[in-house]
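A.B. asks: All chains, please: the whole structure from these sequences, using the hints.
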Amino acid sequence: MIGNILIFIPLIGFLALLSPTFRSNARRYALFFVGIEFLVALMAYALNYSDNNSILLKVDYTWINAINAHWHLHVTGVSLSLALLNAIVFLLIYLSVDASQYGEKAYLFYSLGLLMQMAMMGVFLTKDAFSFYIFWELSLIPIYLIGLLWGETGKEKITLKFFLYTFIGSLFMLAGFIYLYHHTALLNENGQKSWDILSFYQAGKLLTPAQQTVVFWFLFLGFAVKIPIFPFHSWQPDTYTNMPVQGTMMLSGLMLKMGLYGLLFWLMPVVPEAVESWRGLTILMAVSGVIYGSLAALVQTDFKRLLAYASMAHVGLISAGILSGTRQAYDGAAMQMFAHGIYVTGLFYVVHLFEKHTGTRNIYQLGGIRNLNGQFSNLFLIILLGSIALPLTHGFIGEFLILVGLAKYQLVWAAIAGLSVILGAVYMLRAYQKMMLGDVVKTNYSFGALEAKDKWGLFLVVFFILLLGIYPQALNYFTSLNISEILK
Amino acid sequence: MAYILLGIVLLPLLGSIINGLLGKKLSKSNVATIASGSIGLSFVLSIIAFIQLQSAENRVINVDYYKWVVSGMLDVPMGFWLDSLSSLYILVITGVGFLIHVYSIGYMHEDDGFSRYFSYLNLFVFFMLMLVLGNSYVTMFVGWEGVGLCSYLLIGFWFKNHAYNDAAKKAFIMNRIGDLGFILGMALLFITYGSLNYADLNKPGAITYTSATTAIALLLFLGATGKSAQIPLYTWLPDAMAGPTPVSALIHAATMVTAGIYMVVRSNAIYSLSETASLVVGIVGGVTALWAAIIATLQFDIKKILAYSTVSQLGLMFLGLGANAYSSSVFHVITHAFFKALLFLGAGSVIHAMGGEQDIRKMGGLSKKIPTTYLTMLIATIAISGIPPFSGFFSKDEILAHVYEYNKGLWALGVIASMLTAFYMFRMLFLTFWGYFRGGSELYKHLHESPSVMTIPLMILAVLSVIGGLLGLPELIGAKNWIGHYLDNVILIKTYLGLSHSIEWMLMGIAVAGAVASIYFAYQLFVINGVLPVEDEAELKWWQKIIYHKFYVDELYDFIIRRPIDFLGKVVDRFFEKMVFNGINDSISSITLFLGEWIRKIHIGNIAYYIMAMTISIIVILSMIK
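Going line by line, the protein sequences match chains E and A.
What the first sequence shows, in my numbering, is residues 10 to 497, in sequence order.
What the second sequence shows, in my numbering, is residues 39 to 664, in sequence order.
FYI, nobody ran anything at the bench for these hints, they're computed from the structure.
Here the structure is a predicted model, which is why all the values come from computation and not from measurement.
Treat the hints loosely; a few may be bogus.
Calculated from the model, a selection of chain A residues having no Cβ within reach of chain E, i.e. all distances over 10 Å [as the list claims (entries may be wrong)]: (1) S93; (2) H147; (3) E148; (4) N199; (5) H200; (6) I215; (7) M224; (8) T252; (9) A450; (10) Y474; (11) V550; (12) F589; (13) Y590; (14) V591; (15) Y595; (16) N623.
Only part of the chain E face toward chain A is listed, based on derived beta-carbon distances under 8 Å [claimed, not checked]: (17) V223; (18) S243; (19) V308; (20) R379; (21) L394; (22) Q482.
Have a look at the derived ranges for each label pair, beta carbon to beta carbon [what the hints assert, rightly or not]: (23) A:L594 x E:L293: 25 to 35 Å; (24) A:I599 x E:N62: 48 to 58 Å; (25) E:Q419 x A:E395: 49 to 59 Å; (26) E:L293 x A:N527: 40 to 50 Å; (27) E:T310 x A:K583: 31 to 41 Å; (28) A:I599 x E:E285: 32 to 42 Å; (29) E:E285 x A:G75: 21 to 31 Å; (30) E:D69 x A:K105: 31 to 41 Å; (31) E:T369 x A:I599: 27 to 37 Å; (32) A:G75 x E:L475: 48 to 58 Å; (33) E:T369 x A:D624: 27 to 37 Å; (34) A:S625 x E:F176: 15 to 25 Å; (35) E:P240 x A:E395: 52 to 62 Å.
We treat Cβ as the ideally placed atom computed from N, Cα and C, and that holds for glycine.
C.D. replies: Structure follows, in structure tokens:
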């Protein structure tokens, strides 16, 4: 029930904003839709509090009879947490858009954003592989168009690279799903096939090790490109840098969570034996990404690009945790997905504010902004500390649990991946010092008071960072129940 | 009790939040009242908690407030643990903290960032209390990184100066290196012993020797070398003197830097079980004590001298921990908090009088102009030099006696470091306060004693520096060694002082004789012969230059760590990213160029078209499945 509402609100918004009646006041209506979506997500959260098995949280009926595809949504556990994240991040994204930013075609931007939100909501909520794939691919279209329409110079080539890369990855994933779908026939006497996630869990275990390996790599490729896991990352830095900043927020705050979510729920429990035998290699890939991204971040001059590499390092750590398959790392990953979504959106919001107020985001052209706007520097600092996982921020809980889980697998991987604890502090504090501290650099910029909406946007980010750092059980309680289920 | 402990911790946080959010609208006196008042109240509550603890069962009070980090077997609450050890620490933190807050009112009075300063300082006290009161390693880590953050904020308090910002960043990053060790140590501790909560780990038999014990101890100790500025992670502390002087007194002398000692004492069962780890702690402590003391003898900046002195004294405490003399090291933490805070605040008063000048070559003869500062600093200098019956003598002597029993080579390191301490401290005292003034007549007229808001804390600390030894008078002279007995229930595996009385008297004699001889040597050199430090670095002898330049360790780290890492970053960025991966992409794209031409034709930017294409693809897929 509530799952349907969560998917249909942005869908209605998407269609409504395309119609000429809503175009002139697109911003207001867009905020209305993401606002309502946010409230509904909060309701779903409250419902989980009273009864996480409530009938209101579930929808399940046959959708396409011919292939036994179901419309099966369940708003609980990690799905709930990511649905909430989706709602919060879109609220932040639309808050961050400035009145004149997308010009006359603003309605199109808002409309495409809502389509994206709807598609990702579907990915996070559905328990059926067929609709999972549909939503998965559907989400690519709006973000591709956003990049193509409003990206920076060179956007055609970069967005095409992005599109082809992730699209090809998804095709592998689809092939893996179809393969599994055919094997679900073995599960019952009448040979009824199913796309249901639980059938996949059962069918996967029936496969021979060789078959599991094929499925494993097909699905892994699809997810690894999206996250991205090294060495499938090469679309990411360019795309993150080139997108309009709100597009980057969608990609880093939400879209990559599709990959992590897929890894955690659509791969790990499906082919456990293959996971076991490829664990060493895949963790090596993920941890390489942690170090690679951190090192690259050290030498960037464009703050947006620095964040792209930093994000690569952070999601590498989450991936490594998931691949280790330990309880603590799973719980940590579930929390870190949410935490990363919030702080990375906050950081790109900060990038947006730099561009808006100073016209540049080059670290070496900025300086001394603390002298001009103390409030902004404090908010930025808290978000930054969240990103480097200082205790009492949400980032710490996730990162700590992931490292514990990774150490449980092998201490040395935790030690190597943990180097990001140090390197993260180096590149973030270096950038902060260059941009915010010291004397005002003698260029022709000013950095006046923040617009009220931007202030509230950053407050919201800081609020969630601290709330869930101080009281993580608010989310962890639900996600850990969910994790217990897949670990059974 | 749950509320009292909550009050102790949250009052400083409240003060910090109020001053942080509203500080600019409040008057300076209101800001000062809120900041000092919150710490003062916290101190009063700490005394109440201390008294109530004495009648608690097993002298432990454990309060859980709510579930915090929960995952499978790992179940870490947000809660506090008050026992003998933390009860002493909270008294020192809030007590000395209160005095330093009061002193700061005078010291920072003219600063534009007055309310920001107090907001940070209160926040520091909050995190420091979290560190010692948290009832698990993870809650300790909250404080551990939190104080690191406040240290970062306060070292770089004058943020317009990039040299200060660099120092702040360096402190944070070096601490983070240690923190990674702490995190991995916690992970291994949890994996090995199944919990991170003191309540579980303190159960009898919870900690036994396994193959991981030494690794846990060493990883945690890496954390301690960062926070407590030991080799190899000590170089941030001297640079940290960039912050306002009261900050150095509170954070970089009395409290934060002793967190490493707290952590080792908290983990004493693990260290006692691992001889290797104990030996490493002892060697690192002993070598650091001597190393830093040597550097201190040739520094000219009054705060730098005190900074190296702190590193050296912390080394002495770790030397004691290596000998498993836990209560003796805690004893020295407390006496050191008194006299080192006093020395820093005194130095602050000197700098205040000198209008910001910190170079002792420009001082001299100040005793007549700022007599209160002089007398209180004299007391602290005697105390740190180990002259009986001042406080430092008893605590240092107790450590050295245990170390003698443990390892005579390490004992020798400790004794030499102590003699050097007496030397460089009196060198500083003589050059600052004795002789004639070298700072020019303009400045001479300007010299003035600090206001009483600054001198009264000095006097209180001076009294404590004199009588602090009462906490642990040795049994040798028929006293009870109160602190040793008080901490008994925290130390899970006991070590007893098994020396004969005659050897103890001998050790004491050697220590005192060494200190007196060093002071006399300093007196000969700087007072009788009137030797002055050279103005020009070129006049230094080659070995003096090496010491003056702190053995070039900063340069070495720069060369073997920072540059290679930046170089690797460039290799990743310029070679792998721009050439390898872009190269692969480009060759793929040239293959698909022809495909691209075709795609371009259908790129007409019409949404309906894309959705239709999507639908068609889906149908195609469906038909394939069928």
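A.B. asks: State for each hint whether it applies.
C.D. replies: We went through each hint and held it up to the structure:
no.: 1; hint: S93; verdict: holds, 32 Å
no.: 2; hint: H147; verdict: holds, 21 Å
no.: 3; hint: E148; verdict: holds, 19 Å
no.: 4; hint: N199; verdict: violated, 8 Å
no.: 5; hint: H200; verdict: violated, 5 Å
no.: 6; hint: I215; verdict: violated, 5 Å
no.: 7; hint: M224; verdict: violated, 7 Å
no.: 8; hint: T252; verdict: holds, 13 Å
no.: 9; hint: A450; verdict: holds, 35 Å
no.: 10; hint: Y474; verdict: holds, 39 Å
no.: 11; hint: V550; verdict: holds, 44 Å
no.: 12; hint: F589; verdict: holds, 24 Å
no.: 13; hint: Y590; verdict: holds, 22 Å
no.: 14; hint: V591; verdict: holds, 19 Å
no.: 15; hint: Y595; verdict: holds, 13 Å
no.: 16; hint: N623; verdict: violated, 6 Å
no.: 17; hint: V223; verdict: violated, 18 Å
no.: 18; hint: S243; verdict: holds, 4 Å
no.: 19; hint: V308; verdict: holds, 4 Å
no.: 20; hint: R379; verdict: holds, 6 Å
no.: 21; hint: L394; verdict: holds, 7 Å
no.: 22; hint: Q482; verdict: holds, 5 Å
no.: 23; hint: A:L594 x E:L293: 25 to 35 Å; verdict: holds, 32 Å
no.: 24; hint: A:I599 x E:N62: 48 to 58 Å; verdict: holds, 54 Å
no.: 25; hint: E:Q419 x A:E395: 49 to 59 Å; verdict: holds, 55 Å
no.: 26; hint: E:L293 x A:N527: 40 to 50 Å; verdict: holds, 47 Å
no.: 27; hint: E:T310 x A:K583: 31 to 41 Å; verdict: holds, 38 Å
no.: 28; hint: A:I599 x E:E285: 32 to 42 Å; verdict: holds, 37 Å
no.: 29; hint: E:E285 x A:G75: 21 to 31 Å; verdict: violated, 60 Å
no.: 30; hint: E:D69 x A:K105: 31 to 41 Å; verdict: holds, 33 Å
no.: 31; hint: E:T369 x A:I599: 27 to 37 Å; verdict: holds, 31 Å
no.: 32; hint: A:G75 x E:L475: 48 to 58 Å; verdict: violated, 25 Å
no.: 33; hint: E:T369 x A:D624: 27 to 37 Å; verdict: holds, 29 Å
no.: 34; hint: A:S625 x E:F176: 15 to 25 Å; verdict: holds, 19 Å
no.: 35; hint: E:P240 x A:E395: 52 to 62 Å; verdict: holds, 57 Å
The earlier numbered hints that this structure contradicts are 4, 5, 6, 7, 16, 17, 29, 32.
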